[in-house]
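*Asks:* Sequence:
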Amino acid sequence: GDAALLRFLRDNFLVDMRNITAGRFWTLLTSCFSHRDSSHALFNGLTFYFMAPAVMRLLGNKRFLGLYFLGGISASLASLAWNRFFRHENVSSHGASGAIMATLALYSCAFPRNTFLIFFVIPCPAWAFLPGVLLYDGWRSFSDQRTTTDSAGHVGGLLLWHWLFPVEICSSSMTTR
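Quick note on numbering: the working numbering labels position 168 of the sequence shown as 795, and the sequence is numbered without any gaps.
Just so you know, the hints here were simulated from the structure itself, not pulled from any lab data. Note that the coordinates shown come from a computational prediction; the quantities given were computed from them, not determined experimentally. Where hints are given, some of them may not hold.
SDA-like, lysine to any residue: derived pairs with alpha carbons at most 25 Å apart [as the list claims (entries may be wrong)]:
#1 K689 - L704
#2 K689 - A679
#3 K689 - A708
Using the sequences and the hints given, assemble the complete structure.
*Replies:* So this is what it looks like as structure tokens:
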């Protein structure tokens, strides 16, 4: 078959040093819509479906879009740095998961007593789930496992909320919810 579409998608919707050094900086943003496969899109879509509406009500549309895009960009930059300086590999990354992780982090901070169902079965309060995900993805970044999950990108997205909305949302949610 014709590989032109796959080359176009790789060159315009994946973040890696090859694209950045070629001047395709827009991939930092367009990767926020990129998924590896249908299961990746489904899982991110479910997470977004359940958390985005509450975060949008909390932030408003403009600030929510800022969180989403900056989460994706932050994930992409974390992935680029990690793969270049620690793994010494040129790995392509999808930024959608990092944008979703930024949304998850803010949701968990704003609604710490809400419950997540791990694997759709095991209940876990949001205040415990967030550090668990951060520790797991941090460990996966340092482990030598080669998977299709960009754990460094997840960490980049998870940590973004801390710099954008740290005090007003987290402090008010701990006292009012």
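*Asks:* Hint by hint, which ones does this structure get wrong, listed from lowest number up?
*Replies:* The structure conflicts with hint 3 only, although it agrees with all the remaining ones.
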